[in-house]
Amino acid sequence: MAENTANETERMVVTRVFDAPRELVWKAWTDPKYVMQWWGPKGFTAPYCEMDFRVGGKLLCCMKAPDGQEFWNAVEYHEIVPYEKIVSLMYFSDSKGNKIDPAQLGIEHESVDGAYDVTLFEDLGNGQTKLTFIGNEPMESAKNSGQLEGWNQILDKIAAVVEALAK
Amino acid sequence: MIERLSQGPVSVRGLTEPFAVSQQMISKHIACLVRARIVIKTKRGRESICRLRPEAIKTVSDWAISYRQFWEESFDKLDVVVKQMKKEESRDGRKHGE
Numbered sequence: 001m002a003e004n005t006a007n008e009t010e011r012m013v014v015t016r017v018f019d020a021p022r023e024l025v026w027k028a029w030t031d032p033k034y035v036m037q038w039w040g041p042k043g044f045t046a047p048y049c050e051m052d053f054r055v056g057g058k059l060l061c062c063m064k065a066p067d068g069q070e071f072w073n074a075v076e077y078h079e080i081v082p083y084e085k086i087v088s089l090m091y092f093s094d095s096k097g098n099k100i101d102p103a104q105l106g107i108e109h110e111s112v113d114g115a116y117d118v119t120l121f122e123d124l125g126n127g128q129t130k131l132t133f134i135g136n137e138p139m140e141s142a143k144n145s146g147q148l149e150g151w152n153q154i155l156d157k158i159a160a161v162v163e164a165l166a167k
Numbered sequence: 168m169i170e171r172l173s174q175g176p177v178s179v180r181g182l183t184e185p186f187a188v189s190q191q192m193i194s195k196h197i198a199c200l201v202r203a204r205i206v207i208k209t210k211r212g213r214e215s216i217c218r219l220r221p222e223a224i225k226t227v228s229d230w231a232i233s234y235r236q237f238w239e240e241s242f243d244k245l246d247v248v249v250k251q252m253k254k255e256e257s258r259d260g261r262k263h264g265e
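Residue numbers (the numbering used here), protein chains in the order written: chain W, 1 to 167; chain A, 168 to 265.
A portion of the hints provided could be inaccurate.
Unchecked claim - Subject to a maximum C-alpha distance of 30 Å in a straight line, what follows is the list of computed DSS-like cross-link-like pairs (lysine-lysine): (1) Lys99/W with Lys27/W; (2) Lys58/W with Lys33/W; (3) Lys58/W with Lys253/A; (4) Lys254/A with Lys64/W; (5) Lys130/W with Lys195/A; (6) Lys250/A with Lys42/W.
What the hints contain is simulated information worked out from the structure, not anything from laboratory work.
Please construct the entire structure, taking both the sequences and the accompanying hints into account.
Written out as structure tokens, the structure is:
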């Protein structure tokens with residue numbers, strides 16, 4: 001069936017630089033009060049959001065399409081490194097947070113079973129924050145994907161030191 | 168199955184044939200799609216004919232690029248939220264931490 005044909009893991013990466021400090025972006029991402037304001041595609045609203053933000057906890061969010069149709073999303077949190085990284089698993093659910101087949105809703109979901117989403121928060125050092133969302137990561141690479149950020153920060157620090165030395 | 172239906176009405180038997188599962192399983196799946204108002208099932212003689220609801224076709228195509236679009240557009244909105252938060256924070260006099 002159509003929803004089972006995506007057997008090859010396709011990663012999806014979305015990045016964005018926000019003109020705000022990392023603490024603020026983190027807060028917008030982890031406080032349901034703010035999540036309700038941005039969750040879902042253009043034209044969608046999120047009339048309900050319940051969040052238990054801890055490893056093993058869950059986010060349950062309802063989004064309403066422009067035509068009034070409601071979809072429920074659940075997100076399980078698998079790893080949380082404050083202000084740096086979140087490894088999560090998102091799926092379509094019923095209003096109680098129980099997983100349902102997206103095909104039931106008429107949705108061809110690109111997500112792959114057992115593949116995780118990784119959200120990285122990177123302090124760019126100039127009051128800006130780079131947010132990277134990596135979808136459909138196999139768990140093994142999800143565990144390691146924060147490392148790149150660590151390296152970037154180290155390189156940035158080295159660059160700053162080098163610059164100071166050069167003066 | 169949706170792909171098959173998108174080419175036009177198909178009988179339940181016709182829907183079962185391409186898949187290596189029982190007609191009972193397919194019927195269950197069709198029942199879900201009918202309940203979700205994606206598929207319309209009508210009787211023609213002894214056969215049940217399924218077809219997609221035109222509105223459902225639109226929903227499916229709208230969601231075809233869903234995952235990336237979901238996040239791209241959520242990020243657009245997040246940008247607005249973050250800007251608003253920043254404004255409020257500077258108005259309240261820079262308070263950090265929770």
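Indices of hints not satisfied (ascending): Number 5 - this is the single hint that the structure violates.
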